[in-house]
Amino acid sequence: QKEVEQDPGPLSVPEGAIVSLNCTYSNSAFQYFMWYRQYSRKGPELLMYTYSSGNKEDGRFTAQVDKSSKYISLFIRDSQPSDSATYLCAMTREGSQGNLIFGKGTKLSVKP
Amino acid sequence: ETGVTQSPTHLIKTRGQQVTLRCSSQSGHNTVSWYQQALGQGPQFIFQYYREEENGRGNFPPRFSGLQFPNYSSELNVNALELDDSALYLCASSNGQGVGNEQFFGPGTRLTVL
Numbered sequence: 562q563k564e565v566e567q568d569p570g571p572l573s574v575p576e577g578a579i580v581s582l583n584c585t586y587s588n589s590a591f592q593y594f595m596w597y598r599q600y601s602r603k604g605p606e607l608l609m610y611t612y613s614s615g616n617k618e619d620g621r622f623t624a625q626v627d628k629s630s631k632y633i634s635l636f637i638r639d640s641q642p643s644d645s646a647t648y649l650c651a652m653t654r655e656g657s658q659g660n661l662i663f664g665k666g667t668k669l670s671v672k673p
Numbered sequence: 005e006t007g008v009t010q011s012p013t014h015l016i017k018t019r020g021q022q023v024t025l026r027c028s029s030q031s032g033h034n035t036v037s038w039y040q041q042a043l044g045q046g047p048q049f050i051f052q053y054y055r056e057e058e059n060g061r062g063n064f065p066p067r068f069s070g071l072q073f074p075n076y077s078s079e080l081n082v083n084a085l086e087l088d089d090s091a092l093y094l095c096a097s098s099n100g101q102g103v104g105n106e107q108f109f110g111p112g113t114r115l116t117v118l
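Residue numbers (our numbering), protein chains in the order written: chain A, 562 to 673; chain G, 5 to 118.
Just so you know, the hints here were simulated from the structure itself, not pulled from any lab data.
All of these numbers come straight from a predicted model, not from anything done at the bench.
Treat the hints loosely; a few may be bogus.
Below, computed lysine to aspartate or glutamate pairings styled on DMTMM-like, alpha-carbon distance capped at 25 Å [stated by the list, open to error]:
{"#": "1", "chain 1": "A", "residue 1": "K603", "chain 2": "A", "residue 2": "E576"}
{"#": "2", "chain 1": "A", "residue 1": "K665", "chain 2": "G", "residue 2": "E106"}
{"#": "3", "chain 1": "A", "residue 1": "K628", "chain 2": "A", "residue 2": "E566"}
{"#": "4", "chain 1": "A", "residue 1": "K668", "chain 2": "A", "residue 2": "D639"}
{"#": "5", "chain 1": "A", "residue 1": "K631", "chain 2": "A", "residue 2": "E566"}
{"#": "6", "chain 1": "A", "residue 1": "K668", "chain 2": "G", "residue 2": "D88"}
{"#": "7", "chain 1": "A", "residue 1": "K563", "chain 2": "G", "residue 2": "D89"}
{"#": "8", "chain 1": "A", "residue 1": "K603", "chain 2": "G", "residue 2": "D88"}
{"#": "9", "chain 1": "A", "residue 1": "K668", "chain 2": "G", "residue 2": "E106"}
{"#": "10", "chain 1": "A", "residue 1": "K631", "chain 2": "G", "residue 2": "D88"}
{"#": "11", "chain 1": "A", "residue 1": "K668", "chain 2": "G", "residue 2": "E86"}
{"#": "12", "chain 1": "A", "residue 1": "K631", "chain 2": "A", "residue 2": "E606"}
Restraint ranges, calculated between C-beta atoms of paired labels, are given here [claimed, not checked]:
{"#": "13", "chain 1": "A", "residue 1": "L607", "chain 2": "G", "residue 2": "L43", "range": "20 to 26 Å"}
{"#": "14", "chain 1": "A", "residue 1": "S613", "chain 2": "G", "residue 2": "G20", "range": "45 to 51 Å"}
{"#": "15", "chain 1": "G", "residue 1": "P65", "chain 2": "A", "residue 2": "I579", "range": "40 to 46 Å"}
{"#": "16", "chain 1": "A", "residue 1": "N588", "chain 2": "G", "residue 2": "P65", "range": "20 to 26 Å"}
{"#": "17", "chain 1": "G", "residue 1": "T24", "chain 2": "A", "residue 2": "Y600", "range": "25 to 31 Å"}
The beta-carbon is built from N, C-alpha and C at its ideal position, and this holds for glycine as well.
Full structure from sequences and hints, please.
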């Protein structure tokens, strides 16, 4: 079993839809959780960063962490064609020296 | 504020050759991490440099090596290139080595090994 599982998609939604992206993980020591957005042939861009369990909101984006279920989510409200990209979840634990463990990424397409 | 920059953008090498990739960290950041991203996969941690020393290493063989310079820029060197080394190599910088510090990525260097 991989440490971080993420459905690669592709996921296609109409403009304005609410998008839900998810990752599951197996290592209960993970405490720091991130979502990155990666456009084609570009480096990942940090979108959301959360510590431990709970919710965090930033504009149209909401990140949720449920440590009891080892499950994290990213919600995108009022999705736009410019949101079309690959979304990567990443996580790490104390003492890892910043070694981020990534999911495979979910490719999202928002159709006008 | 200047973001993370990497050079070159693209590179083509043949099997057995050696390659050096370069990274300049974001202004104010003193820690650089390198990742390898194969096509259709998430990035995989290679190693991290802090204060010019290797500060953590992923599951990569010794032919992957690096350097960090006093200005915090960094190099990734790969010897005896193999076909499977073809990937996007990403550099990320952060302010400090602590696990809670956010990592910001550069655009990457796309390496093709023929």
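Against the structure, the hints:
1. K603/A - E576/A: holds, 23 Å
2. K665/A - E106/G: Within the cut-off at roughly 20 Å; holds.
3. K628/A - E566/A: Answer holds: K628/A to E566/A is near 15 Å, not above 25 Å.
4. K668/A - D639/A: holds, 17 Å
5. K631/A - E566/A: OK: K631/A and E566/A at ~11 Å, within 25 Å.
6. K668/A - D88/G: Roughly 23 Å between the alpha carbons, so the hint for K668/A and D88/G holds.
7. K563/A - D89/G: holds, 21 Å
8. K603/A - D88/G: holds, 20 Å
9. K668/A - E106/G: holds, 23 Å
10. K631/A - D88/G: The given pair, whose Cα atoms are some 32 Å apart, is violated under the 25 Å limit.
11. K668/A - E86/G: Given pair K668/A, E86/G is violated - Cα atoms ~28 Å apart, limit 25 Å.
12. K631/A - E606/A: holds, 23 Å
13. L607/A - L43/G: 20 to 26 Å: Holds: the Cβ-Cβ distance is about 22 Å, inside 20 to 26 Å.
14. S613/A - G20/G: 45 to 51 Å: holds, 47 Å
15. P65/G - I579/A: 40 to 46 Å: holds, 44 Å
16. N588/A - P65/G: 20 to 26 Å: Holds, since N588/A and P65/G (Cβ atoms, about 24 Å apart) stay within the stated range.
17. T24/G - Y600/A: 25 to 31 Å: Check passed, 26 Å falls within 25 to 31 Å.
Of the numbered hints stated above, those contradicted by the structure are hints 10 and 11, listed in ascending order.
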